[in-house]
Amino acid sequence: MIGLIILIVGVIYLTVLVAVTRAAYRGAKNKGFSKAKCRFAAAGGFLALYLPIFWDHIPTVIAHEYYCTKDSGFWIYKTLDQWKTENPGVAETLLANKSVVTVPNAYVLNHRFNWAVYETRYFPINHMTRTEWQVVDSKTEEILARYVNYSASHEKRQAGWTGWKFWLDSPYCISARKNEDAFRLFRDGFRGERK
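In the working numbering, the protein residues as written are 1 to 195.
Careful, some of the hints might be misleading.
[Said to hold, decoys possible] Calculated cross-link-like contacts (lysine to aspartate or glutamate; reagent style EDC-like; alpha-carbon spacing at most 16 Å):
1. K84 x E180
2. K178 x E132
3. K84 x D188
4. K70 x E132
5. K98 x D188
6. K84 x E142
7. K139 x E86
8. K78 x E141
9. K78 x E142
10. K98 x E193
11. K78 x D188
12. K78 x D137
13. K165 x D56
14. K84 x D137
These aren't lab readings, by the way, just hints derived from the structure by calculation.
Could you build all of it, start to finish, from the sequences and the hints given here?
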């Protein structure tokens, strides 16, 4: 039912947006303005209805694309085999935790490795969130792998006006799902034996 209401409101809004844009163009044309000024008037009519609701759409898309291009990805700094070579015999002693054990900003995989999770909010206007996951050797504090993703409209799941702005929802960068799967596979290699 809510979907039908949103569809009807969307169609009405789009119809009014087109009508106001055309009316602004025709009004300028009837006053004898040049084509360039008529287009400018049409753009003004369009923006007068577009910006009160969609003012944050373009900045959010630009910011999301910028940070995804600049900073997102998956990096391996040391493989399990490299770690085993540096720590002979230790991998055989690792036992995976049976329950969810956490320390600040991390899940304990076993007595040697943590899965660190950090979320940082950027641009409160654009609802941008940076998520970083790390596989960390808790003894040496060395980061073995890192995954970074940016999501827009993190508040979508919450109540309030921003929850209705579904057009802002962009939970992943372009290759983030593939990188997230690769990170999980890498992380699970460090869990240890399950007993």
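### Message
For K84 and E180, compute the direct alpha-carbon distance and say whether it is at most 16 Å.
### Response
Violated. K84 to E180 sits at ~24 Å, over the 16 Å cutoff.
### Message
Run the distance test for K139 versus E86: straight-line Cα separation, threshold 16 Å.
### Response
OK: K139 and E86 at ~13 Å, within 16 Å.
### Query
Does the alpha-carbon distance linking K70 and E132 stay inside the 16 Å limit?
14 Å, holds
### Task
Compare the distance between the alpha carbons of K78 and E142 with 16 Å, and conclude whether the hinted pair is satisfied.
9 Å, holds
### Query
Holds or violated: K78 with D188, Cα cutoff 16 Å?
With a Cα-Cα distance of about 14 Å, the restraint between K78 and D188 holds, given a limit of 16 Å.
#### Entry: Straight-line alpha-carbon gap K78 to E141, limit 16 Å
13 Å, holds
#### Entry: Satisfaction of hint between D56 and K165, Cα-Cα up to 16 Å
Measuring from Cα to Cα gives roughly 10 Å; hence the hint holds.
### Agreement of K84 and E142 with the hint, judged by alpha carbon distance not exceeding 16 Å
14 Å, holds
### Query
When you check the alpha-carbon spacing of K84 and D137, does it fall within 16 Å?
12 Å, holds
#### Entry: Hinted pair K78 and D137, Cα distance within 16 Å
11 Å, holds
### Message
Can you confirm whether the C-alpha distance between K98 and D188 stays at or below 16 Å?
### Response
13 Å, holds
### Message
Would the hint linking K98 and E193 be met if the CA-CA limit is 16 Å?
### Response
10 Å, holds
Going through the hint list in order, the structure does not satisfy hint 1, though it satisfies all others.
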